[in-house]
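J.: Read off the chains here:
Protein chains: 2
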Amino acid sequence: MLTAADLHPSLSDPGLSVMSFLNEATARYPDAVSFASGRPHEQFFELGSLEVFLARFLDHLRTERGLSEGAVTRELLQYGATSGIIRELIATMLRTDEQISVDPRSVVVTTGCQEALLITLRTLFGGPDDALLVASPCYAGVTGAALLLGIRVEHVPEGPWGLAPEQVLAAVKQLIGEGRRPRALYVVPEGANPGGTSLGLDARKELIALAQEYDFLLIEDHAYAVFAPAGSPPSLKALDDAAQVIHIGTFSKSGFPGLRLGYVVADQALSDGTGPTRLLADALSDVKSMVTVNTSPIAQAIAGGMLLSCGFSLRKANAEAALFYRENLATAHRELTRAFSAPDKTVSWNRPESGFFMVVSVPFEADDEALERSAHDYQVLWTPMRYFQRAGGERKLRLSLSYLTPAEIRTGISRLANFIEDERARQTT
Amino acid sequence: MLTAADLHPSLSDPGLSVMSFLNEATARYPDAVSFASGRPHEQFFELGSLEVFLARFLDHLRTERGLSEGAVTRELLQYGATSGIIRELIATMLRTDEQISVDPRSVVVTTGCQEALLITLRTLFGGPDDALLVASPCYAGVTGAALLLGIRVEHVPEGPWGLAPEQVLAAVKQLIGEGRRPRALYVVPEGANPGGTSLGLDARKELIALAQEYDFLLIEDHAYAVFAPAGSPPSLKALDDAAQVIHIGTFSKSGFPGLRLGYVVADQALSDGTGPTRLLADALSDVKSMVTVNTSPIAQAIAGGMLLSCGFSLRKANAEAALFYRENLATAHRELTRAFSAPDKTVSWNRPESGFFMVVSVPFEADDEALERSAHDYQVLWTPMRYFQRAGGERKLRLSLSYLTPAEIRTGISRLANFIEDERARQTT
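In order, the protein sequence lines correspond to chains A and B.
Here the first sequence stands for residues 1 to 429, where the numbers follow the working numbering.
Here the second sequence stands for residues 430 to 858, where the numbers follow the working numbering.
Since the hints were made in silico from the structure, they are not lab data.
Some clues are possibly wrong.
Stated by the list, open to error - With the C-beta cut set under 10 Å, the calculated list includes, among others, these residues of chain A facing chain B:
#1 L16
#2 G141
#3 L147
#4 P276
Unchecked claim - Covered stretches of chain B (chain A as the covering partner; in silico rule of three or more C-beta atoms under 8 Å from a C-beta of chain A):
#5 435–444
#6 506–513
#7 692–699
Idealized CB from N, CA, C, for every residue including glycine.
Please model the entire structure based on the sequences and the hints provided.
T.: Here is the structure:
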């Protein structure tokens, strides 16, 4: 019989099964209020939009690009370019929404943000001394992909406002001192999962300057950008004039997850030693050809139709959703404030204005057992922050506010407050 | 500037860019007859089928599974189970078409056959002494995925009828003698790409017996199964009563490539040392969660509708296509026979009855330069077999017969014959 210990070592790492564990916990308590699920809310989904967007893209192929019926069928149903068929449309959206100006040839369309992360890591990391820097806490999809590829990860503790440039600098210097190479830093500048933090303009600029000085790349994950409040700083890529930033995005939040569609922008020139020969995007595409060959042109067509239908502004198309998510964050803050109005300071939380997540600090171990009690006895689910960081998350929990209505949030926070009070009482008896 | 040498070593291996090279050559000679493209023929594609199959699956969800409209929308547009939402339908198809009886829980739906290969290799290969055995010549997608993952590959020379069990045994014994572990053998028993070979019943049974005796797994790629002539032997998985076989399939040939949909069947029990705890499929699913999270439910819905519409028999649905491809193979054989009717035996070819491919041996180096002359001067494209094997392919070329009409094949073989005659003349002058 096959034994688990005999498989790839990543299979024995809890980091690989976080996702399944969370799904399983949610499935066991279907009636609980779940602050665990980071899904976008389905009130913004319309099944009929599949047909509408697909028709819009087919019209684009026939009318604007002048394709014959045979060529249209081929574009949708046949094998296609590994880099994708909607690169121009994505480049136009990036210019419209994010003030990012890039040649469409530097865009690779991927099977979700996850494939974008995987192929980026595989392409960049070659040697055993290469280190991937990540914030601690960090999105499990990045550390999971690194596990599959045997890439060494260095965790940089987040400050209250997210990744602090001085902490990154310290980590970079330590790595160099150890004879290792800081190859890339993964960073979510807007509404980070799981910490909920967003970086200010100065921090963004300093990270780019650091990357340039110490010759590492920034892998920017901009999944939650469309939900940022007006006046938020530009993306790292928009601020990047030295090609230090690889920019990753997804349609899972700005469109819907069922598309499984993302993209990576890699406009860095690659040299063969004598001079520039091609773009980093071309290397990513070579790697992608051995992961999924190419991204489903059907999914690309639907996303393409979506971009054409909204005048290339996913921010505008998501204005209502952005308001909903921001109000959910505000509701959670208000309800927590109401529940913990006593002068007791042992329960605290951050106050993100962007993204789907916030973090609550509690005066007890927020572990699997605590989660089980919370789910079983109080019918409220959350995610232990320890899943996302090696140290410092023991007494913290993540609340996802995206998949709940305001009424559900009120009920959930009330249950959570009861749970927290009772846990505190357990500690002191 | 980033240098190519500074990226992951796989990026410097020609094995990773075979696909792009072939596409690029085809694009440069749009008017050539191309025996290079292994695409399925578009005469069997209907753009309108997208809508029909999708509607059929939605009806299935509403009527047969009794889902509410909200649940239907969630199933199609939201994140979903990593293992897929059409596992039962695929299991029914496997029982109907392939006499493979498996629990649907042992099926993982993947983003094409390529992701199935990648996650299977990542899951199985843990140690530096683990070896992946492949036929030589071998499909570039397997060796490419192994390159990305740093897996050592051992090439077993094919005989005229494909992978010979005695050659596999010799390779296995040699590996064991070197203190290494033969972990798995990748095998395409029906219409192999690129060799065109199909294994007889005895060879299939012997491979399973060998795998059992020497404790390695068989990774069966059954991409071309639906085109096999009546009376072909059963798949390895259908013959497997000791769970030695991991079975991989794709909808790219039986449906259409734009779906980017495949599946892997892994019903092996996994033990944690004390007893069976879960299936190998569950481990594959954990790995998949870090590659593409889950497979697009939209693509799954279309494939599901296809399965429901054809009574779960892709073989029946593809009967006309199978005839077309087999007749194309026969046409190529007939035209080659006509062109090389002289007693000269320096040009020969095999005669596959299944799949998309055949191999022609020529009396000169079939390399990139020869291909360039063939394309430029004779307007006929093919693939050097050296792309698919380390040794033995220097004077061989692969013909793909799938993407051409009989008339195009006649024209193409006539051009190819002229090219071969002139190359031979070049050699002797």
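J.: Work down the list of hints and note, for each, if the structure agrees.
T.: Evaluation of the provided hints:
1. This hint holds: L16 (chain A) has a C-beta 5 Å from the nearest C-beta of chain B, less than the 10 Å allowed.
2. Residue-level restraint check for G141 (chain A) holds (minimum Cβ-Cβ distance to chain B is 7 Å; threshold 10 Å).
3. A cut of 10 Å between beta carbons decides the hint on L147 (chain A): the least distance to chain B is about 7 Å, and the hint holds.
4. With 10 Å as the threshold, the beta carbon of P276 (chain A) comes within range of chain B, its nearest partner Cβ sitting at about 7 Å, so the hint holds.
5. Only residues whose C-beta sits within less than 8 Å of a C-beta in chain A count toward coverage, and the region 435–444 of chain B has 6 of them, enough to reach three; the restraint holds.
6. Coverage of the region 506–513 of chain B by chain A holds. Counting CB-CB distances below 8 Å, 6 residues qualify, and the rule asks for three or more.
7. Here's how the region 692–699 of chain B fares: 3 of its residues keep a CB closer than 8 Å to some CB of chain A, so the rule of at least three is met and the hint holds.
Of the numbered hints listed earlier, not one is contradicted by the structure.
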